[in-house]
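Generate coordinates for the entire structure from the input sequences, incorporating the hints supplied.
Respectively, the protein sequence lines represent chains A and B. Quick note on numbering: the working numbering labels position 273 of the first sequence as 273, and the sequence is numbered without any gaps. Quick note on numbering: the working numbering labels position 260 of the second sequence as 1260, and the sequence is numbered without any gaps.
Quick caveat, the hints were computed from the structure, so don't treat them as lab data. Please note: incorrect hints may appear among the correct ones.
[As the list claims (entries may be wrong)] Covered stretches of chain A (chain B as the covering partner; in silico rule of three or more C-beta atoms under 8 Å from a C-beta of chain B):
# : segment
1 : 230 to 237
2 : 243 to 254
[What the hints assert, rightly or not] Beta-carbon label-pair distances, calculated as ranges:
#  : chain 1 : residue 1 : chain 2 : residue 2 : range
3  : B       : A1209     : A       : K361      : 53 to 61 Å
4  : A       : G14       : B       : G1069     : 54 to 62 Å
5  : A       : I35       : B       : P1397     : 55 to 63 Å
6  : B       : R1379     : A       : D239      : 44 to 52 Å
7  : B       : G1032     : A       : A357      : 43 to 51 Å
8  : B       : G1069     : A       : D12       : 48 to 56 Å
9  : A       : I153      : B       : A1140     : 35 to 43 Å
10 : A       : A357      : B       : S1059     : 17 to 25 Å
11 : B       : T1311     : A       : E106      : 50 to 58 Å
All figures in this text were calculated on a predicted structure; none of them were measured in a lab. From the three backbone atoms N, C-alpha and C, an ideal C-beta is built for every residue, glycine too.
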Amino acid sequence: MSAKGELPGWVDVGLIPLLNLFVALLISGVVVLIIGENPLEAMWIMLKGAVGSIKGWGYLLYYATNFIFTGLAVAVAFHAGLFNIGGEGQAYIAGLGATIAGLSLEFLPWPIVIPIAVLASALFGAFWGFVPGYLQARRGSHIVITTIMFNFIASSLMVYLINYWFRPVGNMAVESREISGAYIMSFREMARVFFDYRMPSTPLNPTFFFALFIAWAVWYLLWRTKLGYEIRAVGANTDAAVYAGIRPQRIIMITMAISGGIAGLLAVNEVLGAQHRLVLEYVQGAGFVGIAVALMGRSHPVGIVLAALLFGLLYQGGTELSFAKPEINRDMIVVIQGLVILFMGALEQTFRPWLSALFFKVED
Amino acid sequence: MTDARTPAIELIGIDKRFGAVHANKDVNLTIGRGSIHGIIGENGAGKSTLMSILFGFYSADKGEIRVKGETVKIRSSSDAIAHGIGMVHQHFMLVDTFTVLENVVLGAEGGSLIGPALAKARESLKHLAEEYEMDVDPDAIVGELPVGLQQRVEILKALFKGAETLILDEPTGVLTPDEADHLFRILGQLRDQGKTVILITHKLREIMAITDRVTVMRRGEVVANFETAKTNVGELAEAMVGRRVLLHVEKRPSQPGEVVLDVRHVTWKDRKGIARVDDVSFTVRKGEIVGIAGVSGNGQSELLDVISGITRPTSGEVFFEGKNIGMMGDPQYLRREGLAHVPEDRQHRGLITSFDAAESAILGWHFEESLGKGFRLDRDAVVQRCTREMADFDVRPGNPLLKSAKFSGGNQQKIILAREIERDPDLLIVGQPTRGVDIGAIEFIHKRLIALRDEGKAILLVSVELDEIRSLSDRIIVMFAGKVMGEREPGTNERELGLLMAGVTAKDAA
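This is how it looks when you write it as structure tokens:
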């Protein structure tokens, strides 16, 4: 028998997220109904658009790659008791590292440039996470506030830098020139170049497997290293950590740097793997989706990968839906995604009291 | 139907449990109208729980509350206020940035516009101030007032809301002696005006100075009621500390060796500049247990933090095996050097309740190479160590993968003790080793501590259980208000120790 008030594991990690998802979809259905479309048909189009074709799967996994990175970033910080809202800005700034490394080292062969560019992405992201961590640890500025502020700073800074530093003269689009040195080929390009095989066009690239590796690395860090132990100790009980001789300030700074670094890896997928150039606002909210992904995935790497896949599905399915049903435009899709994030993230605990009351009634 | 003889408050058969802790056991208490009633007892005796029930913060599992003879249900503090009960908390419930007037009105605004309420409050505040000689500038910002005045605002707030009975929880803890004297004068006046005052404290002198009647609580029970005029400090101290069945521990006389820990003139001041540890000096030698006795909150916890390197002393020196470690502030270094520490607060410090037992069992020692080379933490090694220690210390259930929170208090304590003792330390610092631990485990823990001493290790023991101190220690140091009151032999009688713990030296008592 389990202690009162504590639900068994399968309810906690399985039933509650699914219930939340179901309610979110139900309300989305009502919204679709209000604008005069058939919700079941809409859902079918979404599902088919995401998993009904190779192309759909390609996009789904490509989006999921971004969400795995940002979700892991939020989760690592969360284990130290920190709420890193700054994944968006950290990923954005990381693009700068990827671009600078990629453009300035073009003369080197790709097996050297790509690792350097990946490292630069992580370092730039890490720096953008470390500064709020430092401010929290040494100055007591709340991490939630500072990371939000740093998102704005990143946004403005990048507009300036891309416009005045990276944009080739005469180019209308606000983006850098192509990063040819650190060019990560998509699977489609690989198939064409190496096997002369034509795949449907998707931006999916090997970064997806890199993201899975990072998910494993995060698990290893948190549960199989002394640093991970210290991170979790600080997050679970700061007093006990201090008793153990762990310095919470130090852990806060290190954790925020790691968190920012992981968020920064999103630049590998986007800048090096998909866009091949530094594009204005290229993160497109993936940093914020990471918060929902981490919450839904219970801050565990396995859960995060699964949650990232779900959000990838929603993104790709939503895009298809807006193509198929002009009445359900892009903004409507954002509303639906927002509802899912709302129920998975912010209202995550809504059904818990009700469910646990029900559960213990049944058990008695 | 109420006449003047009806008690102001009656508590009948109050019972309250927090999980395994039985905080109040069938408590009966009668508080006469127009009197000052003291409730005295050590920390954890259940005084605050009882008053929280009366003020509606907790609801009792069983029992009945009567106000002026009528049975009432108090579900929240607003119920309590409606029945004329006011409370002044140990930590003030004031909004620092508000004025005195605004604070007094808080919770009694009456309507959506604040103006009329403020005007009315200003009037009655003036009235109250005259009646009870409680002068406070109604427009002063509360955060800028000295503590004594802030407390006065709390009292005024309660009176403004029509309190007939006023509960004060450890009111003098934050006051200077002068401020305390003034508070007592105010309380006297309140009584003379027919108000009832309940004073919670663990300071015997306050009880003697101001109360009419006194109730002594111990381990959640009322153990004695006295008329203050007919009792004395000694009797109260004895009732408070209790003549418990002495848990007999077999031990040989100690054979102390060289000095392991040498504490010299250590002072530690908190942020407000109050010396919580005040010029403390003592030594601990190999092969002996030195016990620090005292009511909790008298500087023992802070002293342990300084010695174990968690905080740095404001001044003074700490020598461990000849090295001055006072200013290092590095618990991990000290652990490497052989200083182990069982913290007083097992739930909040000793282990991490959300971690499994195996991970809690390496807390503080996780840096050791035997648990994984370099940065790695070898999960198998962690689990194996815990399994071994659990077997050695008879922890039940002996499952290292179970969450730390799921073990009983005694077994949690065994996990912590195993962790620290198995590291083979030269000095073991132990805080409250048996607090909230069942009898069987107490005996086991005591035996292990004695065995460690007989191996020639030095042990510094802090406990609020006088019995424990007396049966384990080879020398006893008594602390009160951050100071060492004296050193005694373990054979010293309880009365003398109890008086020292209450800050009364032999000279005062005579």
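How the hints compare with the structure:
With 5 residues bearing a CB less than 8 Å from a CB of chain B, the segment 230 to 237 of chain A meets the requirement of three and the coverage assertion stands. Coverage of a stretch by a chain is defined here by at least three residues with a beta carbon nearer than 8 Å to that chain's beta carbons; for the segment 243 to 254 of chain A and chain B the count is 3, and the condition holds. Checked against the hint of 53 to 61 Å, the C-beta distance between A1209 of chain B and K361 of chain A comes to roughly 55 Å, which is consistent with it. Separation of G14 of chain A from G1069 of chain B is about 56 Å and conforms to the stated range, judged on CB atoms against 54 to 62 Å.
Range check, I35 of chain A to P1397 of chain B: Cβ separation about 58 Å, and the 55 to 63 Å hint holds. Here the CB-CB span from R1379 of chain B to D239 of chain A is close to 25 Å, at odds with the stated 44 to 52 Å. Range check, G1032 of chain B to A357 of chain A: about 44 Å between beta-carbon atoms, so the 43 to 51 Å window is met. Remark: the range hint 48 to 56 Å for G1069 of chain B to D12 of chain A is upheld by a beta-carbon distance near 50 Å.
At roughly 41 Å, the beta carbons of I153 of chain A and A1140 of chain B sit within the given window of 35 to 43 Å. The beta-carbon spacing between A357 of chain A and S1059 of chain B, approximately 19 Å, falls within the hinted interval of 17 to 25 Å. At roughly 55 Å, the beta-carbon separation of T1311 of chain B and E106 of chain A lies within the given 50 to 58 Å, and the hint holds.
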